[in-house]
Every structure is written in C-alpha cells, then in structure tokens.
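Undergrad: Listed below are the residues making up each chain.
Number of protein chains: 4
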Amino acid sequence: MSITIVVGTNRDNSLSEVIAEHYQTLLQAKGSDCQIVNLQDLPADFIISALYKNSGKNPQFNLIREAVVAAEKLIFIVPEYNGSFPGVLKAFIDGMPYPKGFEDKKIALVGLSSGVQGGALALSHLNDIFSYLNAHVLGNKVKLIQIEKNMKDGKITNDLYNQLIDVQIEKFLKF
Amino acid sequence: MSITIVVGTNRDNSLSEVIAEHYQTLLQAKGSDCQIVNLQDLPADFIISALYKNSGKNPQFNLIREAVVAAEKLIFIVPEYNGSFPGVLKAFIDGMPYPKGFEDKKIALVGLSSGVQGGALALSHLNDIFSYLNAHVLGNKVKLIQIEKNMKDGKITNDLYNQLIDVQIEKFLKF
Amino acid sequence: MSITIVVGTNRDNSLSEVIAEHYQTLLQAKGSDCQIVNLQDLPADFIISALYKNSGKNPQFNLIREAVVAAEKLIFIVPEYNGSFPGVLKAFIDGMPYPKGFEDKKIALVGLSSGVQGGALALSHLNDIFSYLNAHVLGNKVKLIQIEKNMKDGKITNDLYNQLIDVQIEKFLKF
Amino acid sequence: MSITIVVGTNRDNSLSEVIAEHYQTLLQAKGSDCQIVNLQDLPADFIISALYKNSGKNPQFNLIREAVVAAEKLIFIVPEYNGSFPGVLKAFIDGMPYPKGFEDKKIALVGLSSGVQGGALALSHLNDIFSYLNAHVLGNKVKLIQIEKNMKDGKITNDLYNQLIDVQIEKFLKF
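Residue numbers (my numbering), protein chains in the order written: chain Z, 1 to 175; chain D, 1 to 175; chain X, 1 to 175; chain U, 1 to 175.
Isolated chain Z, as found in the complex:
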C-alpha cells in the first residue's frame, strides 16, 4: 500500500513540512511505503500554466499531480489560513484530473493552527471537497492547536497530540 503525505502550503520552512516528516517517520516505522509531496515545489505560475485549458500540460506540476494520483491513501497536513485551508492547496486540487483524480482514495486530515481553532473549519471545508470528488475521509481528524507552543526541535511535546496521531495512523492503516 502506498501513502502520499501532502504538505498543504507553499510557504517556506512551514511547520506543516515538519509535521509531514513526523508522520512519515511514524508510518515508515510501521513498514508503510510513504512519500512526501510538498506544495512548495509547485511551479510559481501554475495557476495559469496548469489549470483550465492548460490542465495536465505543465511537466513540473504533473510530477506532483502524478504522485497524488498514484497513491492509494493520502494524508493532508493543512495549516489554517484565514479560517480555512491555504488557497494554494485548493488551486492544486483544481489542477488535478477530473473527475477521477481523487475517486475512491482514502484520506486522512491533519490541521495546524497558531490559534485555538486547529483548523476545524479548514478540515470541514476540505472534507466537503473530497466527498464531492468521491474520496473517503477518515473520521478521526487531528487538530493541532497552538502548534508553536507544542513543538520543540521538530518534535511534538504534547502527549495528547502524540496519542491522537497514533490513533489516527493506526485507524488509517486499516481504513
């Protein structure tokens, strides 16, 4: 089984990237084949060169698109921007093959926020989108609030967070 973890922002040095690596380490320790795709690697002009009439025509965009299409399962690490997910993440989804790009994929969602909302609305919005595309979202969503206060040296220091992540991963592997 192949799992792709998507870093859901194109911001430099994002905490989402650190969390993605944390998930990768945990999954590999359980023997999963697992790769990371970082939206930071999207071409700067993909909102023109890879969407609409240009869908599928940008080779650099297609590298990431194909890594997502090829996966059976996907984990999205989603920082909260303006009360929802990053626009870049949705624009990336808009450049995927339609309608089969996400069909029947199994998806797990992880939200991060500096504040206390933990991306509850961001993950709800994303769930709506993936349902629309006939993908199946794991009920257990991890919402990591006040993330800066709960990490040190690339590790999560909050025991409850680590426990929620373990439960999510365990269920996702069986999903």
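Hints listed in this document are in silico derivations from the structure and should not be mistaken for laboratory results. Be careful, since some hints might not be right.
Since the list gives no way to pick out one identical chain from another, each pair is judged satisfied if it fits inside one copy or across any two copies.
The calculated EDC-like cross-link candidates involving lysine to aspartate or glutamate, where the alpha carbons are at most 20 Å apart (straight line), are [unchecked claim]:
#1 K53 to D12
#2 K171 to D33
#3 K174 to D104
#4 K100 to D166
Position chains D, X and U against the provided structure of chain Z, taking the given hints into account.
TA: Chains D, X and U only, in chain Z's frame:
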C-alpha cells in the same frame, strides 16, 4: 455484517421512509442483513426524558438507540429542513451514548429535497458531526433533488438517481 | 429596537443561561430593550405537538415562537453538543413560521464549549441555516472555549473574552 | 458608497465575468458607484510573489488588493470548482492585508454552477472565511444552477434568477 437504515425525521408518512424501504430492498437483494429505524417511533417527550441527566433512561428511546449502537454500518436518509437536517435527528444523536456511540461506524448519507439543493449543506453538517464522533462517512453521498417529481408509486423514476444509489450501495458494502 | 437573546439549549441550569444573562445586563446598560427566551421553557413534546402539521398549534410553544418572530435582532447563545449545536435548537427553528420566520432579522452568534473548539462548526452550521432563511449574521462571532475554566460566580474572568463580547455588542447594535 | 464586484476566478472568458457585468449594469442603473475587479488580472506567479513574506510587495497584485480594500461593500461572483470556490480566490484572500483587510466590510455572494448545486457549499465555505475576518455577509445568497442553460447573449433568461438578483441587490444596498 449488520446495516441499520435511519429514517431521519419524525414526520408522518415521510418520503424518507419510502426511500429507506427502497434501500432496504436493494440491500436485502444483495444478501445484507438490514433493518430500518424510524425516528417517528421516538417518544414524544424524548428531548427531556432521554437527554442530558436522563440519557439512557427512557426504555422506548433506548430501543432505537440500541439498534443504532449495535449496527456496524448506518445509512441515514435525511430530508432537508430549513437548509440543514431535521432538528429531531440531531436531538436523537444528542441522546446517544457518548463518546463511543458512533465510534468507528461506517456511515452513508442520502439527502432529499423538494428544491434543488438536495440537502448538500444538511449532509455536510452531518458529516462534520459524525467526524467529530470518530465515525467514517462514505465519500459518495446521494443527493435526491426535487424528489416529488422523481418518484411514482414508491419507486424512483429517475435513472440517474437509481444509478447513483447503486454505486453508493456497492461502495458502501465494501467500505 | 428590540433584541431577543435565545438560550440555545433545554438543559437544566446551563451555562448558556448564565451567558445570556450576562449579555442582557450589558445590553440593558447600553439602553437596549432586551429579553431572554430560554429553550428550557419549550413544551416537552413539541417535536410532535408543534412541528409539521401541528406547526403553530401549541400555545406554549407559540409564546417562545412569537418572542423570536417579534424581535428585530436576535442573539443565540449556543453550547457545542457533539460537534455542532443542540438538536433541540434546530427542532425549535423547524417549528418557526416558514419562510418568513427569520427573514431580514439581524443575528449574532455566541458559541460555548468545554473543549477548545468553541463551537466553530456549530456556529458555521447555524450561519448556513440562517442564511438559507434570509437572515443576516454578524461577522463577529464570539467563541468561548473552555468556558468552565473562564467563569466564576456567573462572571467571565477572561479579559480577552470580555473584550470580544464588548466589540461584538457594539457592532451588533449598529448592524 | 463604493461597491467592488470581484470575478472569483482567473479562468479566461468566464461566465462569472458576464454575471459581474450584469450586476454592474443593475447597480449603476440604481446610481451606485461600482467597479469590477477580475482575478484574471492577477500576476501569474502571485502565489509566490505576493503571499507570505512577500505580502504587499507585488505592485500588480496590489492594484487589485487595493481595489478590494478601498470598497465599503463587495460582491463576489463565485463559480463552483470541485464542490467549493476556486482555489485562486482563496489564494487571493490569503494575500490581503491581515487582519484588517475585510474587517467590517459588507459582502454579497453569488454562486454559479453548471450542475444543480449552485455553489451552496462554495458559498458556505466563503461565508466562514469572511466571518473569520469579521466581515458581514448578506443572508440572501444567489445560487445560479445550470447557468449555461439559463443564459443567452450575456443575459439571464430565467425569470426566477432575475427576481432573486433584484431582491439581493435591493437588500444589499440597504445592508
């Protein structure tokens, strides 16, 4: 595997009941063990006698509650009331055992509406609630718009609707 | 201008009731005509005696219904139950006159939670419902997380909460 | 009073642009000062050159940003992409000044879809975002389903749609 279909309203003679029977017939034809629970059978005063400090204490309410708890998979037939699901359905959920009442159940959602929205928001709201309770919702949601125009003698006359239902059931049985 | 504050649950001795009184005190200090309606006063069997074919026929239900219909502005105090609003609150809305029950009313939303979500999804779902009914919801929503830890003797002890409430009230009076 | 209408996609020759011009004509006939901003005019690389550490630094992006910031009222014309709004629209919002970019603005939402959903979820998601940013969204949302079938020569041929738009505009001018 045991499937419970929930008629998501307590209104008399609801179309939701007819749709529930249609799903039951289709599921039984595929060999599934399948029962219907109708919110019309809820006690008239359950918002007092079966919630909060009285949770679990109303035997008539508990009959329905237990049929839901016992199921591995649940299908909710959800009419659109005021742009969302019926309040009675959420009040029923509020009377379920917490936090384990829906944990790890597999859920399929079917929305009905007289208008053209088909309960898109109703199903989104319900999905949020079931995710919160760590249940897993099938991506394929069936939204039956203008339902009165698309039924005759208890049968669905719209071929597209029948096709969407078949796909949903097929995927739900494997989910 | 007449403002009605709705205690959004029928639970006994709810914190929502305390918060409603707090809002009433603040509004009256600013000279507003302001009353509280408590869903605890709903008849125990209103899900049968005041909905659907019985809409408008239960005198005890109608007392509350009319207090809501008569108000130009409404403030809903909404505890988080199962990741959304209380089912009883939606069932109450289902018993309102349709389609004019909430049309063009101005609405402010206040969410409470024991946990850290503060009813973000509950308020989002309610906003969807009120929009569907052509009511207008103030952008500023107050979300009071970990409410038990931030109250003492019926007063809110968290300065940030008090400040958010003051801003919300000030904007709502001009809305 | 100054109203800015935002074409919510960067797709070429979008129907959203046609609808935006229709709203402009109607508003100007009522004496409103009204301009259109088209996301098609966003710089191709704005997801890098105008977000995060580069926020506010791209002059071409800032032209549009300032037209939005300067408006007292905003109308968003929002096509449905993948069950929600276009990612580019959210990325544009992510490049606005924070936290004051939308504060206290009055906003009206118009959804378009080829299918029957009319962007119900797209508009719900956007409402969540604008609420988070303390902007106020008009309850009346116009959802134009099966838009291609209901337009001819740049005009809306469906009487109900024209009526809903008239009501929305009338209420928005007083909002």
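Undergrad: Now tell me, hint by hint, if it's right for this structure.
TA: Hint by hint, here is what the structure shows:
1. Only between protomers do K53 and D12 lie at most 20 Å apart by alpha-carbon distance; the minimum there is 9 Å, versus 29 Å within a single protomer.
2. With identical chains, the CA atoms of K171 and D33 are at most 20 Å apart within one copy only, with a shortest distance of 16 Å there and 25 Å across copies.
3. Proximity of K174 and D104 under a CA criterion of 20 Å is satisfied in both settings, with 15 Å inside one chain copy and 11 Å between copies.
4. Taking identical chains as interchangeable, the C-alpha atoms of K100 and D166 lie at most 20 Å apart only when they sit on different chains, with a minimum of 18 Å there against 30 Å within one chain.
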